[in-house]
Each structure stands twice: as C-alpha cells, then as structure tokens.
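**Q** Single-letter residue listing:
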Amino acid sequence: MHLHCAPLRQEHVDDRALRTALHHACKTPAFAVQQSFDRAAAALVHAIPIPQEITDWIPADTYIPPARRPWKKYAQHPVFVATGIAVVVIAIVGIFQLVDRLNRFPGEATALRLLTTASSNKPMMLDPVKTDAGALGDFLFMKHRLAHYDVPPEFEDLKTLGCRVFDDEEGQRVVQVWVAEKKMQFFMFPGERDVKTGAAKHFNGWRHVDQDRWSGVVKEQNGVCFMAALRGSERDLAPYISKKKE
Amino acid sequence: MVADGAKSQEIFHATLREAAQQAAAGEAPRDRLWFFRNARWRCLEAVEKGLQPEDVDIEEGELAEWAPSQIEKLEPQQFAIWISAAPDPQRTALALFYLDEFSYRDLLSVTELKPPELAKLLGRGRREFQAWLDATVPVTQQ
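From first to last, the protein sequence lines stand for chains X and R. For the first sequence, position 145 matches number 145 in my numbering, and the numbering has no gaps at all. For the second sequence, position 132 matches number 1132 in my numbering, and the numbering has no gaps at all.
What the hints contain is simulated information worked out from the structure, not anything from laboratory work. Everything numeric in this text was worked out from a predicted model, so none of it was measured. One thing to keep in mind: the hints can contain errors.
[As the list claims (entries may be wrong)] Rough simulated footprint, nothing fancy, chain R against chain X, three-plus residues with beta-carbon under 8 angstroms:
1) 3-16
2) 172-178
[To be verified] Only pairs whose alpha carbons sit at most 20 angstroms apart, straight line, appear in this in silico EDC-like list of lysine to aspartate or glutamate:
3) X:Lys-219 - X:Asp-56
4) R:Lys-1120 - R:Asp-1106
5) X:Lys-27 - R:Glu-1112
6) R:Lys-1114 - X:Asp-15
7) R:Lys-1007 - X:Asp-56
Ideal Cβ placement from N, Cα and C applies to all residues, glycine included.
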C-alpha cells in the first residue's frame, strides 16, 4: 500500500512505515517500473512553463519551509535518550555523594573503626564495672586521667557491665563500655582536630553511622566524641536519642 | 489543477493577496503549508463553476517498462489537462505528487487524505494514465 505513495526523492521519505516498505521493495522490478514512470511524469510537470509574472513575485527559493521537528521528536532520538540517561545517572551519583558529604562529621572514620571493634570484642575482655553510665565520667577522670569523657544524659541511666581503656591504631585513648541493655556498647574517644591549629572540630546533634549490621549514634562535646553502638539499625537507637532529658 | 493558465494565475494572485492581508493584520499564517491548502481550495472552487468530471469507470492498464518513452512524447500541457480532468481528490493527489516538492507527510496534510486513500488514488491514477498513454501514444508509434 505504501509503495504507491513512494516519493521520488529520498529526503521526502519521512515516515517509518513508508521507509520500511521501500527498504523491502526497492529492488523489485515492479517498483523500478513505478519509479521510472513517476520520474518521467514529474519531469513532464516540471517542464510546464511558469509565467514570468509569477516568478517575478516569488524568488526561486524553497517554497515550503522545512518542517520544524517538535521537541518530542528530538527527545526520542537514541543519542539524546542515551545522553539523557547518562546525565540522570551522573546527577543521581552526584546527589548521593553530596548527601553523603553533608552527613559526614569529624571523627566519623574513628567511629566506623570502633564499630568493627564492637563487633569483634567479647565482654570478658573488659574490666567489670557495675555502675550507672552517668557516673563513668568521674571514674575515668580519677582512674585514667581522662577529662570530659562523659556519658550524655540520654544514656546515663543505663547500667554498665564492664569498661576498658586502650589506645587505638592512631594512638588515641579510647574508652569502651559494655552496657546491659540490648548488649549496647559505648565508646568515648578524642574528637577530630584541625591539622593546622589543633583546635577541636565540633558538630551539633547526633550523627549516625552504620557498618556490617552494627549501628551507632555519635555526639561531640568538649572535644570528646561519644558513640553508642549496638547490633541492629538506626531505629533501635532512635528511642534513646529522641527523648529529651532535663 | 484547473487546466487553465489564466485561472491558475488569478488563483495564485488571490492567494498571495490574502497572505499579504493576513500578514498586514498581524495574523500571518502559521501553517507552513497554508499557501498550498488555500490555493488548492480556490482551484476546487473555480472548477466547481465549470464542467465537472464524470464519475465513470476509466480503463486501467498495467504500468509498462516503456511508459517513460511514451510520456516523453507528450506535451506538458497534455498531462496537466489529463490531471485536471480527474475527479477530486484524485486530481489533488496526482497534481501535488508529481510536483515532487512535498514530503510524504506534507502530501497527506495538504491533500487531507489518509495513507490508504492516497495510495489507492495514486495507484489507480497511474494505471488510468497508462491506459490513456496506450491509447494516445501507442507503442507502435515509437
């Protein structure tokens, strides 16, 4: 059916169905006969003289402006689709990286290392200390001369099982505390410092870290970071940090 | 379309005049094929007042390989008259198709036909023209 409408010029074929039909029929004898018939007829039409008065009115340029492709046609071009997908993927990756960067906090690297420590330690490695977590600050100052190693109010009512002080791989003094509730562990460690000035880098509020099915919440105060960690998700720790203590 | 040079010129001028009036009124036609659509309808209006082609079954012939040589023997005016004698929309379809200035989609747009209709009119037109060629410029005369 479409072959009857086959234009003489390739640039006039602007329909996919017609293009497909022409592709299949272009080498058939019947189509060749039709095309030579049409060429001869078109040549005859073009031989019809146009009055001088008309050519004076209109210059010998294209009479039919080229069709403007709507933007939807351009958007469906495979090159644009592929480019669009690539741009979207790059944008998504960029956004993830930006969100990740915004969520970073000073001491995050140490916190993540200590989550690994939490997952690999057993309670028997700790010295037995049975007290309220809130009293640990004074205990650590008197026994180990560790100032500002205080447990935040959100966790101070929890009962401790054991405690140990050790140096981590960067030589920082770290306190590890086992707590009865939910087999939680506390870590207290020096906060990150500015390399040039040595000043402690502070941050506000609680920050969250995850690693290997262990989850932790971290807070900084007076240059010392406190982390509460347990085997689970952020939701398991949320009830503790969401309650406000006076 | 009208087989009359003077009428064609008149229609051309009228179409051009209307385009200029619309442009002067700030309403220049946005449709890029407006000129051809307008001219076509003026041609059909002009023809309505004259003799109408009869709706009869015209003899058809299979397209021949030697048809181009038959066509070469014709005067351009003869072909124009033959096309103008065809009933519309076949007349429009043949005239615009053999102008060889329109893309397939533009042709469908100006003729206001669907693809099967256009295909049928052009296919039949060729066969009818071949039959007319065989009668007018028989092969023995070459």
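**Q** List, from low to high, the hint numbers that the structure doesn't satisfy.
**A** 2, 3 and 5
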